[in-house]
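There are 2 protein chains.
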Amino acid sequence: MGRGVISRPMPDIAIQDTYPDDVAWCYGCGRLNDKGLHVRTIAAGDGYVATVVPRPEHTAIPGYVYGGLIASAIDCQSTGVASAAAHRAAGHEAGDGLAPRFLTGTLKVEYLRPTPIDAPMELRSRVLELKERKVTVATELLSGGVVCARGEAVAIRMPEGFPRR
Amino acid sequence: MGRGVISRPMPDIAIQDTYPDDVAWCYGCGRLNDKGLHVRTIAAGDGYVATVVPRPEHTAIPGYVYGGLIASAIDCQSTGVASAAAHRAAGHEAGDGLAPRFLTGTLKVEYLRPTPIDAPMELRSRVLELKERKVTVATELLSGGVVCARGEAVAIRMPEGFPRR
Chain A
8 MGRGVISRPM PDIAIQDTYP DDVAWCYGCG RLNDKGLHVR TIAAGDGYVA TVVPRPEHTA
68 IPGYVYGGLI ASAIDCQSTG VASAAAHRAA GHEAGDGLAP RFLTGTLKVE YLRPTPIDAP
128 MELRSRVLEL KERKVTVATE LLSGGVVCAR GEAVAIRMPE GFPRR
Chain B
8 MGRGVISRPM PDIAIQDTYP DDVAWCYGCG RLNDKGLHVR TIAAGDGYVA TVVPRPEHTA
68 IPGYVYGGLI ASAIDCQSTG VASAAAHRAA GHEAGDGLAP RFLTGTLKVE YLRPTPIDAP
128 MELRSRVLEL KERKVTVATE LLSGGVVCAR GEAVAIRMPE GFPRR
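Protein chains in written order, with my numbering: chain A, 8 to 172; chain B, 8 to 172.
The following block holds chain A by itself, in its conformation from the complex:
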């Protein structure tokens, strides 16, 4: 073996991996929620991707995913993209400093065809508009390379002093 530096690919860091513990419990995307979906939003070129694996109980009509899982995945992916994009606009990437947190303002989902339950759902997102307080995100949800749903969400920067209970 040579003595040169061996380049090991770094594992991809998702923006949700970097949320502080007290805001890392979301059922959709919190890394600390052991019952949750664990949406992990990862930068890919000028967009962002995530993968969600449906569980057998996530059925609608047998064989297909229920619409709520698709909406949940697009929702959490959108707030993750907003966070990552705002962080990038401030000169940072995931893992480099503390990214701002976003909440969903509005969510639209268009269901194009039944989404199989026995395959991962791939989310591909891009930022349509980035403002200081508001980020608009478009997402395609694919299964087996076929677009099954489309989403658009407006994410709102979490206000200072957001109510904690």
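Take the hints with a grain of salt, since some may be wrong.
Below 20 Å or equal to it, Euclidean Cα-Cα: the simulated SDA-like pairs (lysine to any residue) are [as the list claims (entries may be wrong)]:
id, chain 1, residue 1, chain 2, residue 2
1, A, Lys115, B, Pro121
2, B, Lys42, A, Pro63
3, A, Lys115, B, Glu117
4, A, Lys42, A, Asp24
5, A, Lys115, A, Leu137
6, B, Lys115, A, Arg120
7, A, Lys115, B, Lys141
What the hints contain is simulated information worked out from the structure, not anything from laboratory work.
Keep in mind the model is a prediction, meaning the values are calculated, not measured.
Following the hints, complete the assembly by docking chain B onto the known chain A.
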């Protein structure tokens, strides 16, 4: 006690209670899905109501419900309302004959304020437009009497021969 007929209130029948077994597995509203949310859509006046009780794991920011649960509840309530309304338009109520099944075409959710996790979410829906193949449903989601989210969905009548796997 008199000998007159004693009127006992009938338990409310939800439209989902009447779905045939093979399409009663939906995570959002299927009565046979023991891990699901069990959205039950019940006629109330000229509208429809349902109640969903969040579980502790359905958190977003601690203390509040994650957006995906709200979208899931509105989604399944909307297809339930579409089914019940189409059934009513054909002269029937839930429990009287077989109601048509609907799938979600599009879903829009507007998140107005954080929704507490420790209280039932009440859904109040009305039909905006009823066509043979397509029903548009508006829903308000309340917690403690306060509207926390609004939804609008277009539900599409399930085509004959919908793919089964």
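Going through the hints against the structure:
no.	hint	in the structure
1	A:Lys115 - B:Pro121	holds (18 Å)
2	B:Lys42 - A:Pro63	holds (10 Å)
3	A:Lys115 - B:Glu117	holds (9 Å)
4	A:Lys42 - A:Asp24	holds (16 Å)
5	A:Lys115 - A:Leu137	holds (18 Å)
6	B:Lys115 - A:Arg120	holds (17 Å)
7	A:Lys115 - B:Lys141	holds (18 Å)
Of the hints listed earlier, there is not a single one the structure fails to meet.
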